[in-house]
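J.: Protein chains in written order, with this note's numbering: chain A, 7 to 100; chain B, 5 to 335.
Take every hint as true, because none was put in to throw you off.
Capping the alpha-carbon separation at 20 Å, the derived lysine to aspartate or glutamate pairs in EDC-like fashion look like this: (1) B:Lys-98 with A:Glu-29; (2) B:Lys-143 with A:Glu-26; (3) B:Lys-143 with A:Glu-29; (4) A:Lys-38 with B:Glu-118; (5) A:Lys-38 with B:Glu-163; (6) B:Lys-143 with A:Glu-45; (7) A:Lys-93 with B:Glu-118; (8) B:Lys-98 with A:Glu-24; (9) B:Lys-292 with B:Asp-303; (10) A:Lys-38 with B:Asp-122; (11) A:Lys-38 with B:Glu-160; (12) A:Lys-28 with B:Glu-97; (13) A:Lys-38 with B:Asp-128; (14) B:Lys-170 with A:Glu-92; (15) B:Lys-287 with B:Asp-297.
Pulled from the structure, derived: some chain B residues nowhere near chain A, Cβ distances all over 12 Å: (16) Ala-232; (17) Asp-303; (18) Asp-305.
Just so you know, these hints were derived from the structure itself, not from any lab. Here a beta-carbon is modelled for each residue, glycine too, at the ideal position from N, C-alpha and C.
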Amino acid sequence: MIQLNQHVTPDHEVVITELEGKEAVLLHLGTKMYFTLNETGLYIWQMLNDGLTPEEISNRISGEFDITPEKAKESVLTLVNELILEKLVKVEDR
Amino acid sequence: MNHREMLIELTNRCNLSCHHCLDRRHSGDGDLNIEIFERILQNAREHGFDHISFTGGEPTLHPRFTELLTMVSEAGYDFGFVTNGWNFTRIYEKLLPHSNKLTGITFSLDGAREGTHDRLRGRDSYRRVMQAVSICVIKGIPFTFNTAITSHNRGELYEIAGLAMKLGSRGIRFGHLISTPRIVFENMDISPVDRRQTEIITCQLQKTFSIPVSMAPGYYTTELFPCAPLKMQEININWRGNITMCCNLSGHGEDVGNDDIAGNLSEMSFSEAYGRLIHINRKFQKDKCALHDKGNFKDSDYFPCWYCLNYFRKVAWLSNYPENPWSSLVW
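Chain A with its partners taken away, still in its complex shape (with noise of 0.2 Å):
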């Protein structure tokens, strides 16, 4: 499992496109696996590409919208540990 304090980034391998700003798509080209990021996963994946921890994100978003930080922590981790599954992530070692 991943902790909220370390550094997840997108793996070199994946291409996204990002449709009209609302959503993305997600492919692996090594395993040639397509996924998609509704315009929730799209912000999370803009901001580990932009350097933030999940505990980052997490506060981000809880006080960007309604919902109570440990919900923001929850769905942070849920996804990125998803995204780490399927090797669209890295964890970095720092």
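Guided by the hints, dock chain B onto chain A, whose structure is given.
T.: Okay, now just chain B, sitting in the frame of chain A:
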């Protein structure tokens, strides 16, 4: 009546400069005149044409591309286009209102690996294609791939077909190169013997993969008139408004033969130019039959595109490159 297709070169401009492309297809600045395009739409159907495939250059670069799509759709033609995919994230939304007339998009894919593709087509072009097909998959837009077989990618044909299948393509079509000085200079083409070997591999791939794997016309065949242009099921219209025999004969520049050009649509009606094309085609067929029946065919003449390039005097310059395996086969 059989379905007939028009290949319409919307522009000779291109955002890429692929190593294996004809120079005049990516270094130009000409766009098909929209009034000519209107006349094509008005008159082609009475000659049995019901499908349009946009080519180029990069067809999406035509400054009025979106408007052309609407015109085609409203005129009731089915359509598709060949693209390098670079602009697809920008233009795909324009396609969606016409999806009932859009038969499919063909993306150029020249390598299974990013490095192979980008070596021929330029940095990041592979990822642009991948973005384009991602959109197609999500939006339900049918797509296929075209691959030009070169000395760089001939070892990846199996991988390319596999990639196409995994990505959700409806098919993959391999094709031989049309010689250009740059292709010769960079040793990208392969010999006649090697071409036939790749055709054997392609046949094997047809049995291996669940999607259609095919060879574009131009492969070795003893059939004298094997392709849609020679059967008059397909015509080419270049960006200047010329009706011509075949897209593979266009884009070779001004200093080669131009007997494949039937007429310009700014100077004559579609019917008149089309009538001239029929005449050119009949003469071509008669000449080819005569040469064949006299036993004057070289083995290389069974590559039909090679035969046409010679017949229409597009490859005389190859004689200046005696080290090239095709040079001695020019007539």
